[in-house]
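Undergrad: Here are the chains, one letter per residue:
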Amino acid sequence: MSVRVQVEDFDIGAEVRALTAGHADIGAVVTFTGTVRGESGGKPLSRMTLEHYPGMTEREIARIEAEAHTRWPLQASLIIHRVGTLRPGDNIVLVVTASAHRHAAFAAAEFLMDYLKTRAPFWKKEEDAGGAGAWVDARESDDHATRRWQGATGKG
Amino acid sequence: MSVRVQVEDFDIGAEVRALTAGHADIGAVVTFTGTVRGESGGKPLSRMTLEHYPGMTEREIARIEAEAHTRWPLQASLIIHRVGTLRPGDNIVLVVTASAHRHAAFAAAEFLMDYLKTRAPFWKKEEDAGGAGAWVDARESDDHATRRWQGATGKG
Amino acid sequence: MSVKIRYFAWVREKTGKAEEDLDLPAEVKTGADLIAWLKDRGPEYAEAFARPEVIRVAVNQQHVKATASLAGAREIAFFPPVTGG
Amino acid sequence: MSVKIRYFAWVREKTGKAEEDLDLPAEVKTGADLIAWLKDRGPEYAEAFARPEVIRVAVNQQHVKATASLAGAREIAFFPPVTGG
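Taken in order, these protein sequences are the chains called A, B, C and D.
Oh and the first sequence: position 99 is 99 in our numbering, straight run, nothing missing.
Oh and the second sequence: position 73 is 73 in our numbering, straight run, nothing missing.
Oh and the third sequence: position 47 is 47 in our numbering, straight run, nothing missing.
Oh and the fourth sequence: position 46 is 46 in our numbering, straight run, nothing missing.
Check the hints yourself; a few may be wrong.
[Unchecked claim] With a straight-line Cα cutoff of 20 Å, these simulated PhoX-like cross-link-like pairs (lysine-lysine) come out:
#1 C:Lys39 / C:Lys4
#2 C:Lys39 / C:Lys14
#3 C:Lys29 / C:Lys65
#4 A:Lys125 / D:Lys17
#5 D:Lys65 / D:Lys4
#6 B:Lys125 / C:Lys17
#7 B:Lys125 / C:Lys14
#8 D:Lys14 / A:Lys125
#9 B:Lys125 / B:Lys43
#10 D:Lys14 / D:Lys29
#11 D:Lys17 / D:Lys39
#12 C:Lys39 / C:Lys17
Think of the hints as simulated: they come from the structure by calculation, not from any bench.
Work the whole structure out from these sequences, hints included.
TA: Laid out in structure tokens, this is it:
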């Protein structure tokens, strides 16, 4: 299990290789990469800034990651979340889950992303071409996505 | 949309970069990598050989990929399946799906994997340490996984 | 008319060949008919097709049921259930 | 007793500060009490906490309800709903 909050970009291939090296018991690796889209609410986006709560963010993500390991049989997992100023096309977040079987790896990655969207203390401020900035509102649909895991039966 | 059946290994990071380059409308990229496990049915595995049906395999995968694009709003997708002799830890298959939103990317990747397991003409022969080889039987659970997509409502 | 017959995985191993061109008699109208006809060609075919219920059929590189017509077939393939991914 | 109060995102921008150490009066027992008390400290606080129902509270770096007790709090944070990923 590993959690990193960092300004630097990441390389998916290198992260997966490092995470799975030496494991002969992994059959399935799922990665999710969130990237900055070039528009927001129909308007062009020039850049965004991600703020976090140092200390709490890492702890909150580690808690969620540990919960994923109790729900699904995972051999390894990794969560990287970038902070600072990002531009369209840039990577924001990487989630990697590795399991013997694909359904566990898929379910755990989706679970982690749903929770990252709704529980981990990150805030996005978007800037349009004119430099006007606006904080992103939380999405109702993300809260719904997270709630579907509450009461879920565990092993998937 | 892209389909490759090849002997060579692949690099997840490089494939994702090539697939998403120049797209400002992608917000979510999901990859699935299937790898060779070091044991099969409780016995150590020394290597496996993947056979395919040249022509039909590529066509069948392309058909499944096109169906994924009709079910979910995908900006891009890629499927690479290796053939030939592979050893524990080696990559077997890569599925990449890219969408504006994460649920579509997750659902499409899982759909593609379920179909690759049950419809694409590949056959695995496993060899144990003594060199004894056995063809892998189809798994009932994989057929179940595929059937759940039949009659699914489309946009996920 | 000559048709290309292809075998994969353990069907290929048991028949001892990857493909062959065969002239099919008129009474062979379906995949199941073809399997029954092939089984008479020799012990290696009889063994390869000993359990026809597990054999999958593709005609012109498309999955079909064993009961589907072979009319228009240029290439017919027999193989076990697939195990990719 | 002095407690560290931290503000994030637009709460930070509106209060004009990322954090401060404050001595809380005894009648401030919950996050909601603290919000009400902060609103009296000046117009920038009044604006930051104009809609207390959208403000999230963390005590000692754990999410809590606004009605939860602040007993034992060394660090209290106020922020909007999170928007990560």
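Undergrad: Next step is simple, just say for each hint if it's right about the structure.
TA: Structure-based check of each hint:
A C-alpha spacing of about 17 Å is found between C:Lys39 and C:Lys4, which places the hinted pair at or below 20 Å, so the restraint holds. With a C-alpha separation of about 12 Å, the suggested pair C:Lys39 and C:Lys14 falls inside the 20 Å cut-off, and the hint holds. Between the alpha carbons of C:Lys29 and C:Lys65 the distance comes to roughly 13 Å, so the proposed pair stays at or under 20 Å and holds. At roughly 17 Å between alpha-carbon atoms, A:Lys125 and D:Lys17 fall within 20 Å of each other, so this suggested pair holds.
Of the supplied pair hints, the one linking D:Lys65 and D:Lys4 holds, its CA atoms being roughly 18 Å apart against a limit of 20 Å. Using a Cα cut-off of 20 Å, the hinted pair B:Lys125 and C:Lys17 holds, with the two alpha carbons roughly 17 Å apart. Annotation: proposed proximity of B:Lys125 to C:Lys14 holds, straight-line Cα distance about 14 Å (limit 20 Å). Between D:Lys14 and A:Lys125 the alpha-carbon distance is near 14 Å, which keeps this suggested pair within the 20 Å criterion.
Pair hint B:Lys125 plus B:Lys43 holds up; C-alpha atoms about 14 Å apart against a cutoff of 20 Å. Proposed proximity of D:Lys14 and D:Lys29 is contradicted: the alpha carbons are some 24 Å apart, above 20 Å. At most 20 Å may separate the alpha-carbon atoms for a hinted pair to count; D:Lys17 and D:Lys39 meet this at roughly 14 Å. Between C:Lys39 and C:Lys17, the direct Cα distance comes to roughly 14 Å. Compliance with the 20 Å bound is thereby established for this hinted pair.
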